Amino acid sequence: MRVPSLAFQMSLKSSAMRRIPIARLLAVGEIVMLAREHYARLEPDERRRFMTLLRRGRGRASNLSAGERAEFAALVAKANPRLFAGLVADKLSPVPLPEWVVRGRRRKRS
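Just so we're aligned: 70 in the working numbering is position 70 of the sequence shown, and the numbers increase by one with no gaps anywhere.
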């Protein structure tokens with residue numbers, strides 16, 4: 001079997017890159033950086049446990065025991081997914097979003 005030349009491989013990569021608008025590429029990069037920041041809110045042992053549960057669940061909550069589901073939910077909550085979603089929406093929006101959309105409404109204290 002013949003291996004394609006390096007020049008041919010590079011031309012494929014460059015043609016694929018030309019098809020991706022730079023704005024989309026930048027947006028994806030910013031979203032990845034936001035995801036990393038939220039993931040970093042977990043302690044190192046929590047990150048390891050998060051990844052273990054994520055792999056064990058394979059995208060389905062039914063693959064985890066009730067205790068593991070509760071633990072996974074607590075780890076996800078600590079990463080603050082509401083704020084992550086708001087920040088992603090703000091990054092992708094052509095106009096700045098109001099603070100309450102990005103961070104959520106403040107809850108009344110009772």
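Source of the hints: derived by calculation from the structure; they are not laboratory data.
The model shown is predicted, which means the values in this text are computed figures rather than measured ones.
Treat the hints with care, since some could be wrong.
[Stated by the list, open to error] Pairs of lysine to aspartate or glutamate, EDC-like flavour, derived with a Cα cap of 20 Å: (1) Lys78 / Glu46; (2) Lys91 / Asp45; (3) Lys78 / Glu37; (4) Lys78 / Glu43.
I'd like to know which numbered hints this structure contradicts. Please list them from smallest to largest. 2
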